[in-house]
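A.B. asks: Residues per chain are reported as follows:
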Amino acid sequence: MQRRTLLAAAAVAPAILPAIARAQGTQKATLRLKWLAQTQFAGFYLAKARGYYEAEGIDLTINPGGPNLLTENLVATGADTFGLSGGTDSVFAAREKNLPVVCIGVSHQQTPFFFVTRADGPIRTLQDFRGKTITTWYTGANYVLLGMLAKAGLKPGDFTMQPQQVSVTPFVEGQIDVVTATKYNEFYTLMTRMGRDKLRTFVAEEQGITFPRDTLIVNETTARQKPEMVRGFLRASIKGWRDALRDQKAGVDAVMAAAPSLNRDHQEFMLVEAGKLMTAGAAAQQGLFWIDEAAIRSAHDFLREHEVIKQPIDLAKTYDGSFLAAIPAADRMA
Amino acid sequence: MSASLSAPAMRATGVWRHTAPVLLGLGRLVLGLAIAAAVWEGAVLAFGIRPEYLPRLSAILSTIAATPEAYAAGFLRTLLETLLGFAAGVLVGVLNGVLFLRAPVLRDMLFPIFVVSQTIPVIAFGALVVLWFGNTLLAKAVIAFYLTFFPVTVNTLLGLQSVDPRQVALLRSFGANGRQILFRLLLPTALPQIFVALRLGSSLSLVGAIVGEWFGDTTGLGVILLQAMYTEQVTVMWAAILCAALLGTGFYALVSLAERWLVFWGAEQ
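If you read the sequences in order, they're chains H and F.
Using the working numbering, the letters of the first sequence map in sequence onto residues 1166 to 1499.
Using the working numbering, the letters of the second sequence map in sequence onto residues 215 to 483.
Just so you know, these hints were derived from the structure itself, not from any lab.
Where hints are given, some of them may not hold.
[Unchecked claim] To spell it out: a stretch of chain F is covered by chain H in this simulated footprint if at least three of its residues, at any positions, have a beta carbon under 8 Å from a beta carbon of chain H; those stretches are:
(1) 392-402
(2) 432-441
[What the hints assert, rightly or not] Estimated spans, in silico, between C-beta atoms of each pair:
(3) F:Leu275 / H:Glu1433: 20 to 28 Å
(4) H:Val1368 / F:Leu259: 39 to 47 Å
(5) H:Pro1392 / F:Pro265: 50 to 58 Å
[Unchecked claim] What the simulated footprint calls covered on chain F by chain H, stretch by stretch (three residues with Cβ under 8 Å from a Cβ of chain H suffice, anywhere in the stretch; the number is not a length):
(6) 279-290
(7) 318-325
Where is the CB? At the ideal position from N, CA and C, for every residue including glycine.
Please build the complete structure, drawing on both the sequences and the hints.
C.D. replies: Set out below in structure tokens:
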């Protein structure tokens, strides 16, 4: 109902919206996650549980994502206020389609996935991918793989690439040679089923490619009309994440309260790995959600080079670090 | 003396005559379930089936027992979505059927559009419905409704059209008005056919509710299912499947029971 009213109101008189919101004192807002509740998003859940958003005057609802849901679309249309979307790659794609989304922070500073082979198998280097069967996600990871293999001197016809389904079982069973795994999710399943020492990993950073992912986005209207709310949201989220990374039990608890059927061991592992990704690279000096312009430029140029994005994207307009800059650096450190 | 004793005794045997087949049927059902459970448990143990493929039934049940409130909340939420969608689908479907019978012009205009709407895979609608209704109960009910209203429309119309025109003429000759003919003749005659759609709709609306939950929600059997699928918690996945099966069978059984009670002359049984 709320959303329909919002949509109707937005269609009729966009100018009235902020006035209504101001009159209410606390503003209602939603955060659309890129995926279902899990500790990859622990900081947001903890910030909500501890009332950090309320303290900023934001009545925040956390909406989980799911397959076939594009966070950029939901934020661009105003169905959701904030979004934790796929990553730099999906933000580029959205801007190329003229969706009015702005990235206000980047969560994972490094490529959060890698490519996994059997440690005792025939694949020891990237060159050994020749003639092998690889499964990967056709949502960005495929380009990272193509880029890595191109740097190793392999052309697309030299190996078989297939879309990866939900389960990693085909790899465990030996039906495929290379599988794609996020460091925090699929890799946990692989480790528990095969053992860490049975697995060899190939990381994009080793080939000089970085794909920052898990981007915080708002639409241009929100960024323009409610900068104070955007800053408040960032302040509260960072506070929640600092708590979650320091007191990981509390972080896991906050998520498990929302999704009790999750496996706690897996969620604890996930939070550790998410923490590593969030404090890697420039975030180590600049703090959480830092927008590393150099990394984003290199991801952009890489995708342009492979013609994934056809037109250059205006990076200064797409990535707006001003909201983050309003928060003292000391308060942003993990 | 003998008369006062025999009357309650006779009543008791009468009650027994009615309840005995029901109890016997229930007994057989329980026995069947117990055998199926034993075969499941035994086969997994005997053939050494790995839990990734099929976990033991006892493992699944203890998974549910570990966080029963999560499954109970999911069950209730999905049930509510299913019921809302089903009720709306039945109401609109029956109304459509009556409307199409009375106004063939409307039928010719709208029916093709309904058919087109049903050829669109429901999954294509999911993202749109979330865009329109957000993560609300309504969004899931709408998908359940979308899957339910069409079979009900078609079957209602079919049932209404199967009424013998001579019966209508007879009632009219007795001075019955349109409403009386509808409620005393047309709808009762169409009821067995409508119930075919209701039984179909009971399972379709559950599918709709679960698919709806795959487009971002916090509670529901579909949410548990999706979460388990992507984190490869196979026992949790099976637990959600069991709960969904229980919900689906229970709902189907209730609809069948209602059919037996309402369509007591029952042609379909």
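A.B. asks: Hint by hint, note whether the structure agrees.
C.D. replies: Hint-by-hint comparison with the structure:
no.: 1; hint: 392-402; verdict: violated (count 0)
no.: 2; hint: 432-441; verdict: holds (count 5)
no.: 3; hint: F:Leu275 / H:Glu1433: 20 to 28 Å; verdict: 25 Å, holds
no.: 4; hint: H:Val1368 / F:Leu259: 39 to 47 Å; verdict: 42 Å, holds
no.: 5; hint: H:Pro1392 / F:Pro265: 50 to 58 Å; verdict: 52 Å, holds
no.: 6; hint: 279-290; verdict: holds (count 4)
no.: 7; hint: 318-325; verdict: violated (count 0)
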